[in-house]
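Number of protein chains: 2
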Amino acid sequence: MSEHTVKAFDDDIGELRGLIAQMGGLAEAAIEQAMDALKRHDLTAAATIVEGDKKIDELETEVERLAVRLMALRAPMADDLREVVAALKIAGVVERIGDYAKNIARRVAAIDGRSHIEPLSLLPAMADMANDMVRDVLDAFAARDPEAARRVCERDRAVDDFYNSIFRALVTFMMENPKSISQAAHLLFIAKNLERVGDHATNVAEMVYYAATGEYLGDRDQGDTIGLNGE
Amino acid sequence: MSEHTVKAFDDDIGELRGLIAQMGGLAEAAIEQAMDALKRHDLTAAATIVEGDKKIDELETEVERLAVRLMALRAPMADDLREVVAALKIAGVVERIGDYAKNIARRVAAIDGRSHIEPLSLLPAMADMANDMVRDVLDAFAARDPEAARRVCERDRAVDDFYNSIFRALVTFMMENPKSISQAAHLLFIAKNLERVGDHATNVAEMVYYAATGEYLGDRDQGDTIGLNGE
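From first to last, the protein sequence lines stand for chains X and V.
Quick note: the first sequence uses the numbering used here, first residue 1, plus one each step.
Quick note: the second sequence uses the numbering used here, first residue 1, plus one each step.
Hints listed in this document are in silico derivations from the structure and should not be mistaken for laboratory results.
Misleading hints may appear alongside valid ones.
For chains that are exact copies, the list does not tell them apart, and a pair is met inside one copy or across any two.
Pairs of lysine-lysine, DSS-like flavour, derived with a Cα cap of 25 angstroms [unchecked claim]: (1) K55 x K89; (2) K7 x K55; (3) K54 x K179; (4) K54 x K89; (5) K39 x K54; (6) K39 x K89; (7) K179 x K55; (8) K179 x K89; (9) K7 x K39; (10) K179 x K7; (11) K7 x K54.
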C-alpha cells in the first residue's frame, strides 16, 4: 500500500475504534443508570434508558457501514482485515450489552419500589463487577493490550459465583414470600442479564486478544451459568 | 471482475451459505433434542447436546475464516460485500441459537423428571413455534427470499405471547408449590431462552431482508419480552 493509503486506513480504523469506545461508554453508563433506576423505582429514568438504547444501535449501524466501506475501498490484508472484522464483532457485542441495560430498565416497572425484596440489595455490587469488566476490556481494546484482555477473562468466574449466590438467595426469598414471587422472578432475570454482561465482556476480551496476537485465548466455555442444582 | 473471478466469488459465497445452512440444521436439531431430553429427564442426551454445540462453534469459526479470506482475495464490492457481511452476522446469530439449546440441555439436570411441574407441558409447543421460525428463516436465506423473511418476523409476536402465558403459569405454580420453586425458576429461564430463539430468528429475517433488498425492515423493537406486569 502507498503511504497515503496506509494513512487513510489508519484514519478509518481510528474512527472505528472511536465509535466503539463511544458505544462502550454509553452501554456502561446505561447499565449503571438502570441499576440506579431499579433501586429508586424511577420509571422516568427507566424510560430514558430504554429510549437511549437507540443511540447505541445507531452507532453499531455506523460501525458496520464504516467497516464495509473500509473493506471495499481499502481492501485491507491479513492483520488489518482481522482488526476490521474484530471491530465489527465487538460492536455487535457492545450493542448487546446495551440491550441488557434496556432489559433491566424495562423491568423497573414490574418491581414495586416499596416492597422490601432483600436480595435486591446484592444486585448493585454484581452490576459493578460486570460493569468494571466492560470498562477494562474496552480500555484493553483501545490500548490493544492482550494481557489486560486476558486479565478481564479471569474475572468472569467471580461474576458467575455472584450470580449463583443471588440465584440461591432469590429462590429462598420466593419460598418464604410467595406473594413476591413475580417480582423476585424479574430480579432473577436481572441477575441473569448482569451475568451475561460479564460473559460478553469476556467475549470481547477474547476478540481483543485474538485481534492483537492472532491467537485464541484457551478453550473457555462461554455457556450460560445456570445456578443452583444444575451447575 | 473477470468471469473467472465472478465464478470464484460465487463458489465462495455458495460455500458460506452451505456452512450456515449446516449450522442452522444443527442448531434447530439441538433445540428439538434439548426439549426432548427435558421431557424425558435424559441426562445422557443432555450431555451429548452440550458437547455437540462445539461443532456449531467450529462451523462459525469456519464461516469467519472463509468470509475474511473471501474479502481479502476477492475484494467484493457493494451488494456482494453486503452479502458476505450478512453471512458473517447470520452465522453469529445461529451460533447463539445453538447456545440456547446448550443452555436448555444444561438445565435438564436441575429439573427432576419425577416431579410434576404442570407448566412444563407448555414448553414443547413454544419450542416448536420458535424452531419453525428458525427453519423458515434459514429457508428464506437459502432462497434469498425477502418476502418469506418478512413473514417470519410477523410470527415473533405469537412466540412472545406464548412466553408471557408461560411466565404467568410458572409464577402461579411457584406460589402454589413453594418446594418446586427452584425447578420452576429453571423452567422460566428455558421459556426465556425459547423466546430469545424467536427473537434471533427475527433478527436473521431482518438481515436476510436487508441483504436481499438493501432496505431495512421497519423499526422493530428487538428487546426482551419481560412478562407479567412489566409488559
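A quick look at each hint next to the structure:
Proximity of K55 to K89 under the C-alpha cut-off of 25 angstroms is found in both arrangements, the shortest distances being 18 angstroms within a copy and 20 angstroms between copies. For the homomeric pair K7 and K55, neither the shortest alpha-carbon distance inside one copy (29 angstroms) nor that between copies (40 angstroms) is at most 25 angstroms. Taking the shortest alpha-carbon separations for K54 and K179, neither the intra-copy value of 35 angstroms nor the inter-copy value of 42 angstroms comes in at or below 25 angstroms. For a Cα distance limit of 25 angstroms, the shortest separation of K54 from K89 qualifies both inside one copy, at 18 angstroms, and across copies, at 19 angstroms.
Taking the shortest Cα distances, K39 and K54 sit within 25 angstroms of each other inside one copy (23 angstroms), while across copies they are farther apart (39 angstroms). For the homomeric pair K39 and K89, neither the shortest alpha-carbon distance inside one copy (32 angstroms) nor that between copies (36 angstroms) is at most 25 angstroms. Proximity of K179 to K55 under the C-alpha cut-off of 25 angstroms is found in neither arrangement, the shortest distances being 38 angstroms within a copy and 44 angstroms between copies. Taking identical chains as interchangeable, the C-alpha atoms of K179 and K89 are never at most 25 angstroms apart, the minima being 43 angstroms within one chain and 43 angstroms between chains.
In this assembly of identical chains, the alpha carbons of K7 and K39 never lie at most 25 angstroms apart, being 48 angstroms within a copy and 59 angstroms across copies at closest. Proximity of K179 and K7 under a CA criterion of 25 angstroms is satisfied in neither setting, with 63 angstroms inside one chain copy and 65 angstroms between copies. In the homo-oligomer, the alpha carbons of K7 and K54 never lie at most 25 angstroms apart, since the shortest distance is 32 angstroms inside one protomer and 40 angstroms across protomers.
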